[in-house]
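Counted the way my numbering counts, the sequence shown spans residues 98 to 589.
It is possible that some hints are incorrect.
Unchecked claim - Between beta-carbon pairs, the in silico distance windows are:
id	residue 1	residue 2	range
1	D506	Q363	35 to 43 angstroms
2	A188	P303	45 to 53 angstroms
3	S339	P235	20 to 28 angstroms
4	T420	G372	20 to 28 angstroms
5	Q363	D210	17 to 25 angstroms
Said to hold, decoys possible - Heads up, simulated DMTMM-like pairs for lysine to aspartate or glutamate below, C-alpha to C-alpha not over 25 angstroms straight-line:
id	residue 1	residue 2
6	K311	D267
7	K311	D187
8	K311	D300
Simulated from the structure, these hints should not be mistaken for lab results. Backbone N, C-alpha and C fix where the C-beta goes; we use that ideal spot for every residue, glycine too.
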Amino acid sequence: MQRNNVIVIMSDEHDPRFMGCAGHPFIQTPHLDALAARGVRFPLAYTPSPICVPARAAFATGYRVHQTRHWDNASPYSGTPRSWGHVLQDAGIRVDSIGKLHYRSEADAAGFDQEHLPMHVVGGYGMVWASIRDPYIPMAEGKRMLGEHIGPGESSYTAYDRAVTSRAIDWLTGAAESAAPFVLYVGLVAPHFPLTAPREFFDLYPASCVPEAKLHPSTGYQRHPWVEAYANFSRDEERFRSEEERLDAFRAYYGLCSFLDHNVGQIVGALDRLGLTGNTHVIYTADHGDHGDNVGARGLWGKSTLYQESVRVPMLLAGPGVTPGVCETPVDLLDLFPTILDGAGLRPDAEMAGRPGRSLFAVATAPEDRERVILSEYHAAGSNTAGFMLRQGRWKYHYYVGFRPELFDLESDPEERHDLATDPAFAPVLQTLEGVLRGLCDPEALDALAKADQLAMIERLGGVSVAATMGAAGATPAPTAPVAQATQPLPS
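Using the sequences and the accompanying hints, generate a full structural model.
Structure (structure tokens):
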């Protein structure tokens with residue numbers, strides 16, 4: 098492939114359904130829609146883990162979470178295993194980052210020549226208190242993961258995204274003056290909580306547009322026991338001060354999606370103005386789905402489950418040689434390792450031993466393979482045991498260590514309303530999918546390994562009493578914001 102520039106734009110907590118190009122009836126994302134119109138949209142894209150740090154380590158390295166053992170938000174990427182950035186550096190291609198990475202530290206050699214305005218985990222160790230599991234520590238009383246202010250306004254995150262966007266435009270302006278190829282990673286935070294959206298974007302969505310949340314426990318729906326444990330950990334639904342504020346949370350998430358789109362539009366627009374569009378591939382994605390689990394579905398506002406709302410991500414690829422269209426082969430963030438190298442004109446083959454990803458350039462031009470297997474896994478906050486998601490063809494299978502599984506037919510039930518796992522007629526499907534999962538990993542052994550690694554980290558840091566106070570209580574502070582320690586109750 099001819100050597101071209103590559104720009105990767107990664108947002109945080111963006112449910113891929115919340116884009117006009119995905120068919121959403123009212124969300125306004127004209128710039129992402131335009132990018133999709135001139136590129137390929139992958140509607141069946143997934144994250145390797147529905148929580149920030151493990152997903153981002155997998156994105157960097159191209160390995161599954163259990164291969165690298167970056168289990169949770171206190172096990173950040175520090176430069177090993179080798180990242181796609183390291184491969185680019187070895188080839189002499191300029192590679193910089195701007196914005197949120199959520200790795201360990203700017204001091205680590207993570208594969209970037211320079212990190213501009215980086216956001217990393219708090220203190221270089223992240224949310225240690227949330228690594229205490231089995232039993233986990235619930236969120237502190239009075240602390241709201243979604244933010245103290247919900248509704249219209251500005252936050253440190255919206256200010257940060259504006260700064261990241263401005264820096265990206267400046268960086269591209271400088272890069273356009275040179276003929277040397279580049280790869281630029283841009284990390285935006287929106288639509289990540291706090292659910293505070295700039296007024297101009299919040300006002301795009303009146304309260305009347307907010308749909309009723311599906312499968313709410315108040316209507317008689319009973320959550321799966323593993324999911325119920327997570328609900329008891331976060332209790333976000335209980336912490337709204339009024340029904341009006343609850344509706345504002347929906348509106349703010351919608352508004353943050355449009356704010357994100359605005360920033361993407363500014364960056365992509367800069368490529369056009371600078372004459373870079375013709376030789377620059379653009380990739381847009383997110384680390385995982387939204388913090389709202391369908392924004393309130395099942396009475397949850399936490400991303401850390403295995404349902405479509407949490408594990409799916411947007412995936413757009415545009416640029417020279419890319420034929421516009423929609424590709425329904427399932428893909429995931431691991432595919433970006435070879436894709437970035439491919440887009441930069443390097444052959445990724447020599448780096449792919451043990452890495453399951455495929456270049457999206459190849460996926461988009463090959464016959465669709467809807468039976469391709471995708472794995473996502475969770476070993477983090479609010480879970481006492483590991484959870485694994487397997488997608489193959491029409492089936493979506495959830496394996497929870499120590500709990501009954503879930504099974505959904507996404508062709509007849511795309512909203513995952515009807516769990517088929519308890520129906521004896523689907524026992525052969527469950528057996529087949531469990532066999533596929535066990536061909537990829539040993540769930541019980543990985544659950545034990547994750548807990549052993551987490552416990553060893555906690556002991557190194559001084560034990561449970563010390564670990565319970567370490568790390569941000571909610572969202573990682575933007576670089577300009579003061580870093581506060583979390584104060585969490587100790588397990589009884």
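Please check whether Q363 and D210 have a Cβ separation lying inside 17 to 25 angstroms.
23 angstroms, holds
Distance restraint hint 20 to 28 angstroms, applied to the beta-carbon atoms of S339 and P235:
23 angstroms, holds
For the pair we were handed, K311 and D187, check the Cα-Cα distance against 25 angstroms.
Violated - the C-alpha atoms of D187 and K311 are around 49 angstroms apart, more than 25 angstroms.
Using the C-beta atoms of A188 and P303, is the stated range 45 to 53 angstroms upheld?
51 angstroms, holds
Regarding the pair K311 and D300, is the alpha-carbon distance no greater than 25 angstroms?
24 angstroms, holds
Check whether the Cα positions of K311 and D267 lie no farther apart than 25 angstroms.
Status violated; Cα separation ~43 angstroms.
State, for the Cβ atoms of T420 and G372, whether the hinted interval 20 to 28 angstroms holds or is violated.
22 angstroms, holds
Honestly, do D506 and Q363 meet the 35 to 43 angstroms range at C-beta?
Because 41 angstroms falls inside the window, the suggested range holds.
Hint check: violations occur at hints 6 and 7; the rest are consistent with the structure.
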